[in-house]
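**Student:** Everything in the sequence shown is counted per the working numbering, starting at 1 for the first residue and increasing by one.
Accuracy of the hints is not assured; some may be wrong.
[Said to hold, decoys possible] In silico PhoX-like pairs for lysine-lysine, Cα to Cα no more than 25 Å straight-line: (1) K138 with K22; (2) K31 with K17; (3) K54 with K77; (4) K87 with K77; (5) K77 with K93; (6) K104 with K307.
These are computed hints drawn from the structure, not numbers from a lab.
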Amino acid sequence: MTFVLPKFTPPDFTSEKFANAKEIRVEEVKKNGVAPSGFYLTSHMPTYYHYNNKWILPEHNSQNCVAVLHDDTIIIKELNDLVVGEKVVMGKKSDGSNGVVIYKEGFDESVISTPGRSVETSFTDDYEYLFELMRHEKENGGYIVWVLGPSVVFDYDTRIGLSELAENGYVQALLAGNAMATHDLEGGYLDTALGQNIYTQESVPMGHYNHLDLLNEVRRAGSIDKFIADGNVKDGFMKTLTKLDIPYVLVGSVRDDGPLPEVYHNVSQGLRAMKEQTDKATLIICLATMLHSVATAELASSYRIRKDGTIAPVFMYTIDVTENVVNKVAQAREYIAVKTLVTNVQDFVVNVQRALLQPVDNFEVEQVAVDMHEYIENTTEEKLKSVNRLNID
């Protein structure tokens, strides 16, 4: 069966709700980074703006931002990024009374999830859907963004799995913090993550120094790229991303050791860099990080206008061993196009790797089943012919 990405159905603009709606009202920005009082606060849901007898849907949306009228289009901006003279949409309501309508009803029922999934919920159906979705995105110019916590790279097989997925076109960007990149590089440099061997998980003598030694040496080199280019890193996800020139955004916190030179210290700059990637995203996969997963859930649009003009949901998979984490992410996405798996992230990555990168084995199994079915049919048909001949004789 061919995978079909659920589409978003636009509203009937001839209906009373839209036909009688007012047009938007705008006011100019008087000071950089400050919106006029009474501005409209955006959602990541599909939102239409009535202007010049047209209903305008921005290419993507984001939570708690402002809508700016630019020529005949609407662009979504952070308050910090507003510039004097820009025209900001005004009003507090989204029912059409001020020319703005949020329209969730256009999403297909299949993308609406049920709140409160818990315990062990790594169901086969959710995996299978993800595999088909990832193949679809790879083959149709999608943009798959991974959001990773540090525990993901504490395991030997997971680092290999992520690297192979990137090499085969299933990773277009990484969002993470200082720790994830630090411990992955530590694994490639000293074979440990937080002082534990990445294969045996055994603590090594004075291993608590390892990630700090790693940070010191990367900072001495001046950058992650230079440290890798100097031959210090044997393997790992960060090395693969660097080799393939896949963008990564590392945003730090006040608790960071080091940090790595590429880590954003300025929160606003880090937000802009994250949003540059989430604005392109067609699928987001979040693993073992509540901070970055919830932040990404707030930043990313719930939909994208594709190159062919169709509107499609931006799916978000969130995976963690703690049900509270995945439920927070689902709630932030308002249960639209979000799938939660409560399971071990190392197992998850390896399952995805095997499903997507070993298709020959799957094909052979399916072919054996087809051949067996044909054999049974043919054998049955021959037996029936023999019986018929006996009856005739």
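**Student:** Work down the list of hints and note, for each, if the structure agrees.
**Tutor:** Hint check results:
no.: 1; hint: K138 with K22; in the structure: violated, 41 Å
no.: 2; hint: K31 with K17; in the structure: violated, 35 Å
no.: 3; hint: K54 with K77; in the structure: holds, 21 Å
no.: 4; hint: K87 with K77; in the structure: holds, 11 Å
no.: 5; hint: K77 with K93; in the structure: holds, 18 Å
no.: 6; hint: K104 with K307; in the structure: holds, 21 Å
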